[in-house]
Amino acid sequence: MPISDLRALHAVIGQAIDEIEKVYQSQSPPLEYPALDVPYYVSQKHTPEVDKAEELKLDPAVFSAANQIVAACGQLTATVHKPFFQLVEVMNAPNITALLHFVEQNHIPEILREAGPAGLSTKDIATKVTEIRATIPGSTPVDIDPAKIGHILRILATYHWVREVTPDVFTNNRLTSFIDSGKAVEQLKIAPQKKYDETDGVAAFVGMSGDEVFKLMSRLSEWLVNGGLTTNATNGLPLKLTFGTPLKYYEWLEEPGNEWRLTRFGHAMNGTRYWEVAENIIHGFPWEELPKDSVVVDIGGGIGSVSVILSQAYPHLRFAVEDRAPVVAIAREAWGSKHAELFDSGRVSFHAQDFLEEHQPFEVPGVGTVSEPSVFLARAVAHNWPDKDVKVILSILRRAAGPHTKLLLVDNLLPYACVDDKADLDSSSQGAVRSLVPEGSPLLPNLGKASANGYILDISMLGLFDAKERTYREMDALTRSAGWKITNVKRAVGSLWAYTTAVPI
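Counting in the numbering used here, the sequence shown runs from -2 upward without gaps.
What the hints contain is simulated information worked out from the structure, not anything from laboratory work. Be aware that a few hints might be false.
Stated by the list, open to error - Here are the simulated lysine to any residue pairs, SDA-like style, with alpha carbons at most 20 Å apart:
(1) Lys120 <-> Glu86
(2) Lys42 <-> Gly179
(3) Lys42 <-> Leu55
(4) Lys446 <-> Ser492
(5) Lys145 <-> Asn92
(6) Lys212 <-> Trp249
(7) Lys237 <-> Phe462
(8) Lys446 <-> Asp417
(9) Lys446 <-> Ile93
(10) Lys487 <-> Val434
(11) Lys212 <-> Lys245
(12) Lys289 <-> Pro312
Can you build the whole structure from these sequences, using the hints too?
Okay, here's the thing in structure tokens:
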């Protein structure tokens, strides 16, 4: 790569920082960008200035500029870093996954939060971890070596996931605070099984990702070369290789002995709201145009995380959250005392319905029997299933739809990693995109590292379900095959998530 290309990437970073500075300095009073070394705990109250600075990170201009920085830095690193060092990092990335899982499972973010900005020595961290572990029934006492805690946290500090204040003394930073559950250490001693209750679900996401997802993804290559590469995998799923079960993931979660995993999964899905900006789902569809008491069916809606957001923004609507019976059974309990008014009033209700079975009429409080809802909302549903199963699901919804029922699919729509010259010819709904960067930009057309989340999720879906995130063309063909026609695609701010509206044909 010529020096001029390196300078072009450098210029992208500089211009993006200027854009961010412009937004923050335009506030009254002017604000500073949140510092990496300063924790931001979502469970705590902050000054208006701190909250505003945090909120501005989601401003479209700031979000876009941040993506430019991430993409350019990733491309610069790939260009100048020694290839073998990059290879070592990629091939040993599971080390970081395992250690973040260890940190979450042993409540180190919570321990460091209570220690404050001065931090805690590895010896004291080891003592606190031992005290919590001793309260778990059936646990075996362990004499923890503080030096090992230090080595674990030091590599995480190298990746900016914690901060080493002085030798062998660590404190939370902005990233560590993000996976803090907000629970007091004493609460965790008394009831560690309730760690994820009434939280934002991020800690649960770490727990799930570092447990079953991490374990089964380690068998992905083996699965692929032994039948997984066929259109419909002939050798089950990596789950079978990992846990010795012929069941699908959701069925396996419901097996006796996995109750804690099922509960954690519900909380983890709540945590995945951070894949999107809340305003995206609020403005991803013309909800305000729906008549009063219109019923939105949130299929596969888990514990109702998205429906809660929408019901708060659009109180004139009713949301019916549908999922498998074991999930519905724990939904209200998972929220604790939160949003009781929504549930008690019937504005958000829960219904047992397997979306692979014919859709049945249901009762909505204050409305009555509903057979043809106004909207079928399917957030992060299609990406969990192979094409053949998604066609079944969408066909069932088509048969249950009335002439004016809309289908809203919320999933990533993946752009190509090259310029798509056919995009302008293929779509009038903003579905297909030629490039995510301006003409002449040195960045990858899909924004490279800044978009990596979508492609990582794509392969996670492959390993978990033999499924995928889809390109617009793949989604368009799939919906048409099930009797739906895409009429509009609204792309999310700052990510590859898209809000795809379809109507019956």
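Structure-based check of each hint:
Under the criterion of a C-alpha separation no larger than 20 Å, the hint pairing Lys120 with Glu86 is inconsistent with the structure, at around 29 Å. Only pairs whose Cα atoms come within 20 Å are accepted, and Lys42 paired with Gly179 is accepted, the gap being roughly 12 Å. Proximity of Lys42 to Leu55 is assessed by CA-CA distance (about 19 Å); at most 20 Å being required, the pair is judged to hold. With a C-alpha separation of about 11 Å, the suggested pair Lys446 and Ser492 falls inside the 20 Å cut-off, and the hint holds.
Simply put, Lys145 and Asn92 have alpha-carbon atoms about 14 Å apart, close enough for the 20 Å limit, and the pair holds. Pair hint Lys212 plus Trp249 holds up; C-alpha atoms about 15 Å apart against a cutoff of 20 Å. The suggested pairing of Lys237 with Phe462 holds, with an alpha-carbon distance near 11 Å, which does not exceed 20 Å. The straight-line distance between the Cα atoms of Lys446 and Asp417 is roughly 19 Å, inside the 20 Å bound, and the hint therefore holds.
Restraint check for Lys446 and Ile93: the C-alpha separation of about 18 Å stays at or below 20 Å, so the hint holds. For the proposed pair Lys487 and Val434, the alpha carbon gap of about 17 Å is at most 20 Å, so the pair holds. Taking the CA atoms of Lys212 and Lys245, the gap is about 15 Å. The hint holds against a cut of 20 Å. In summary, the hint linking Lys289 to Pro312 is supported, as the alpha carbons are separated by about 9 Å, within the 20 Å threshold.
Of the numbered hints listed earlier, the single one contradicted by the structure is hint 1.
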